[in-house]
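A.B. asks: These protein sequence lines map, in sequence, to chains U and G.
Under the numbering used here, the residue at position 66 of the first sequence is numbered 46, and the numbers go up by one with no gaps.
In the numbering used here, each residue's number is its place in the second sequence (first place is 1) plus 5.
Possibly wrong hints are sitting among the right ones.
[Unchecked claim] Quick list of the computed label-pair ranges, beta carbon to beta carbon:
id: 1; chain 1: U; residue 1: Ser134; chain 2: G; residue 2: Asp191; range: 21 to 27 angstroms
id: 2; chain 1: G; residue 1: Glu367; chain 2: U; residue 2: Val143; range: 54 to 60 angstroms
id: 3; chain 1: U; residue 1: Thr83; chain 2: G; residue 2: Lys336; range: 49 to 55 angstroms
It is worth saying that the hints were derived from the structure and are not from the lab.
As the structure is a prediction and not an experimental result, all values here were calculated from the model.
Using N, Cα and C, we set each Cβ at its ideal position, and we do this for glycine too.
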Amino acid sequence: MTEEIIIAGFGGQGVLSMGKILAYSGMMKDLEVSWMPAYGPEMRGGTANVTVIVSQERINSPVLKMYDTAIILNQQSMDKFQKSVKPGGILIYDNNGIIHPPTRTDIDIYLIEANKVAIQMKNTKVFNMVVLGAFLKVKPIVNLDDVDKGLKKSLPERHHHLVALNEEAIRAGMEAVKLQQKAQ
Amino acid sequence: MGELRLMKGNEAIAEAAIRCGCDAYFGYPITPQSEILEYLTLENPEPKTGMVVLQAESEIAAINMVYGSSACGKKAMTSSSSPGISLKQEGISYIAGAELPALIVNVVRGGPGLGTIQPSQSDYFQSVKGGGHGDYKLIVLAPNSVQEQYDFVALGFELAFKYRNPVLMLSDGAIGQMMEKVELTDYIPRLTNEEVIKRTGSWATHGKPEYRKHNIVTSLNLQPEPQEQHNHHLQAKYKEIEENELRYEKFQCEDAEYVFVAYGTSSRLCQKAIQLGREKGLKLGIIRPITLFPYPSKPIKKAAKKVKAFLSVEMSAGQMVEDVRLAVNGKRPVEHYGRYGGMIPMPDEILEAMEELIAKVEKKAQKKAEKKAKKKAEKKAKKEQK
Chain U
-19 MTEEIIIAGF
-9 GGQGVLSMGK
1 ILAYSGMMKD
11 LEVSWMPAYG
21 PEMRGGTANV
31 TVIVSQERIN
41 SPVLKMYDTA
51 IILNQQSMDK
61 FQKSVKPGGI
71 LIYDNNGIIH
81 PPTRTDIDIY
91 LIEANKVAIQ
101 MKNTKVFNMV
111 VLGAFLKVKP
121 IVNLDDVDKG
131 LKKSLPERHH
141 HLVALNEEAI
151 RAGMEAVKLQ
161 QKAQ
Chain G
6 MGELRLMKGN
16 EAIAEAAIRC
26 GCDAYFGYPI
36 TPQSEILEYL
46 TLENPEPKTG
56 MVVLQAESEI
66 AAINMVYGSS
76 ACGKKAMTSS
86 SSPGISLKQE
96 GISYIAGAEL
106 PALIVNVVRG
116 GPGLGTIQPS
126 QSDYFQSVKG
136 GGHGDYKLIV
146 LAPNSVQEQY
156 DFVALGFELA
166 FKYRNPVLML
176 SDGAIGQMME
186 KVELTDYIPR
196 LTNEEVIKRT
206 GSWATHGKPE
216 YRKHNIVTSL
226 NLQPEPQEQH
236 NHHLQAKYKE
246 IEENELRYEK
256 FQCEDAEYVF
266 VAYGTSSRLC
276 QKAIQLGREK
286 GLKLGIIRPI
296 TLFPYPSKPI
306 KKAAKKVKAF
316 LSVEMSAGQM
326 VEDVRLAVNG
336 KRPVEHYGRY
346 GGMIPMPDEI
356 LEAMEELIAK
366 VEKKAQKKAE
376 KKAKKKAEKK
386 AKKEQK
């Protein structure tokens, strides 16, 4: 099993940390992982993206042109990465701020209104965990237990009381994700 | 198995330094390697291991602090990225001239000048063909994973002390910034002052005992004759390093007809290209230099006997390709493919470049075969006429 994922959105949305938690969770399951950010003079409000690869085998290239799954969280990223999903692959997106929804018909498209869910939870900071939940529902490459361990490993101890809240957000994401279109 | 951690390449270097008993780190921030200094500052190893971590006032100051520390027999290191490494060249040449052990890390970014902050491999010439002035060589290690970034710190120090020669770890922004699994090793305590004297007493400056003459650490010699002698000695040492310390890796070369030569990040990209190519039935392999000095010229020369052509892939305009050509010495076509200025070539574009090379080589071979067949036919016709 090899899962090649791109997560893309605005800086500040938690794109990089979501990737990190996913990578950590994979590591907890004894899988090989790589986390490669597109780094640059990026800042809050700019675009941010990260390539995460989780595999049973040794990972060669940490950067790719085509992905199994694209998680897209703003319009710029939609424009840039919609075409980078392998045919038959998966695109998950939040429609908040999306003017041009995805148009491809050869991939599975899922909608996660993560922003809405996070607002309902009265904590917009868990936005990225809602998205992670959506992804894990669609592609259960790691289970909640691994994520739990991954969270504990990636968060400093003083933040461990937040693990439960994050878990709640992941569950909410798992419930809220909707299949919009099946690949034809 | 040691503790596993998900780390950035830069963080791995810093953690390795603390764990391998490094005495001192001197640095100055520059993207994409600032995490080394940041991590060490946050970890603050001094109260625990006694390791000194200091942000110097400049890159030049940092390398000269390393010069001073290693003159005292200490395990000292510095790190920077391309423009900062250029600033350090004078100091590196002095350290090489004075025959001191030191570890220098270059997390390369796009150039020339201030360039970009994205990954590149355009400092190859600077690393293996001089960089500073004078006839000197660095031992150059080229990691291609976060684990190797970690492992090569201890290895670098080991080689530096074995040969009393500066070691350069030539990384790049991609490996520095990416996160992978790292298996950590146990803490090795720093050497005590007595142990340092025992290990380096014959050359380092830590106070003159009564039983021997004082040690002098210098790269200056006003007489040309002894300086020539010193250079002879250095060249003999580099030869010994070439004989003993070559490291390289071959991947899927057993049946390969076309072979990539690539180091660092590029070697990982090529491995993916090989995977994609093999799915199409192309017999591809890679020779990956791990040490860039010494360079694996002999294995490449040997491979040239059965390989049809080589493609050197670098994130540069074509630097290492010259060494591949020297090794192959005209026996087979050697071409270069690269992106530069901070761009990373994608595995499929590397495969396309390889396919172009294959088409070219095969077209040439076909033409040659056709010509040969035609000549043969003509000869036969002539014979029949007679």
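A.B. asks: Which numbered hints turn out to be false for this structure?
C.D. replies: none
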